[in-house]
Amino acid sequence: MAPLIVPLVKIGLLVFALLTAAAYLVLLERWIAAWVQDRKGPNRVGIPLTSIKLFGLGQPLADGLKFIFKEEYTPAHVDKALYTLAPITILAAALAIFAVIPIGSVLPLDLPGTDGPIKLVVAPGVDVGMIYVFALSSIAVYGVILGGWASNNKYSFLGGLRSSAQLIAYEIPLGLGILGVVISTGSLRLENIIFEQAQSGVWNSFTQPLGLVVFVVASFAEAARLPFDLPECEQELIGGYHTEYSGMRLLLFLIAEFLHMVVAAFLIVILFFGGWHFWGMPVPADDIISWSVAGLRILVLIAKVLAVILFFMLIRWSWPRFRFDQLMNLAWKVMLPLGLVNLMAVAAVVEYQHAREIEDLSTNAWLPVGIGWGVAIVAWIVAALFAPLHTDNRPRLDVLQPPAFEPNSLRSK
Amino acid sequence: MQQDPKWVFYYDLLCDKIHKVRIFGREPLMEQAVLPLFLFAVCATAVAVAMVRVGSLVGPHKAGRVKEMPYESGMDPIHDARRRFDVRFYLVAIAFLVFDVELLFLYPWAVASRNPQGIDRAVAEQWVASRGLVFFEVLSFVLLLAAGFVYAWRKGVFRWR
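Taken in sequence, the protein lines are chains R and A.
This note's numbering runs 174 ahead of the 1-based position in the first sequence.
This note's numbering runs 546 ahead of the 1-based position in the second sequence.
Since the hints were made in silico from the structure, they are not lab data.
In this text, a Cβ means the ideal position worked out from N, Cα and C, and glycines have one as well.
Take every hint as true, because none was put in to throw you off.
Have a look at the derived ranges for each label pair, beta carbon to beta carbon: (1) Ala481/R <-> Arg599/A: 31 to 39 Å; (2) Leu559/R <-> Val669/A: 37 to 45 Å; (3) Ile221/R <-> Val580/A: 43 to 51 Å.
Can you build the whole structure from these sequences, using the hints too?
Below, the structure is given as structure tokens:
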């Protein structure tokens, strides 16, 4: 029983923090929306029965209560088992991804029954951490397509189809972006990926800017954020795969959506922006860490993640949605070749460094950084000149000139 | 530890005898690492199920004939939603399968490229001739992948109109 206590405490804290964070990210998003559109956002709900408003900080609690007390209706035409299974699948998978994501590095606590400092990750030392993240983020596709199929509604069905196509199409650039980092690190463990960057002081975004672009675009699409929110576009599909959902089941979908964004932000920070590392911070080994350094690492990591989430939200209010053919063209004809180019460039640099026996990246960073940026700029220019994104923008003649309406043709039948 | 039945099963039987996979290091099983993963999966599922249960217990329940209908912006639904759909979705699924599996083949090489227990050890123990040969093999693999990609592009697999 003893070895179960530490993981259970970590899981409890993490799940509570994540659900709270998802609720407050909704508030943050509405504040940012209000700020971008020059209006006042939610600023009324504070402490009930008083006139204390607290800038609207009570809004997520009020929203949560409202969701709980709303009627949860299961329409007659749905497939009942799958209809309930879909939100459970998507939320459980979104939560379970966090099992291998480090929130900081370690805490120098010496509890009885544990060996060494407490690692700030639920499952420390999983050798296949990155593959685990990849696998569980693929399960989100099941939630979406089950929801769309079980709803037995044309909007939901179209939304489920579209989003399954989108999610699987963008999984390939996602994997290619990760592969570049894995090659230059030699490990799939997220803690090792951070530590490698912290030791050399050269973040992966400096040496692999092209990989960063591919990964960020793919993670926007995987999190179904604008400009890639075709799975749930409100104006066209009335919510897409969750049109028929209400009450807590809808809330589960919405929480999972925000958790996907948090996961994407964590992965971008950990893989490409050095995780808890910032220049000037000491990088001691994990077992001689002090409380101040441990706390600072958590703060730096959370600050970086919040910055990336802010970026996600600002993009949401500044970009229009892609059309579906543009989305598919971007995935297959632009991002996949760019990812392959990045992969081979990184591999070539690693081979060159190995042949020259350059092991310490902190003093010899100019070559990989230069090659990385050179490849990125050349590839970006080529993509901008030849990418087939806008070739399909010409108007469709068959829509502009519909066949002439002949009333007699109807009457004759 | 050699006599641990799990150790014998995973490493001696599965890896050495059946799959003929060479294991570096011979570490003990990852159960310390894997147990929290299963715990977390169980807890996450429990949280999701509990939330759905709470919602269905607390909220009101009022049935109605209009509520039973699928919501299609006020139109009466004409037929069942599960109809035939565009074949291009299947094409995307097949293309995804091809490229994703090929990506998975690249992961072991990616991990081994800078790991001291990876290609360097293989070269030192003379299981492969040199690092350059490995790089050349991977390069030709990716070029094959690219050839398939160009073929699919020319065939119009990625065309959406």
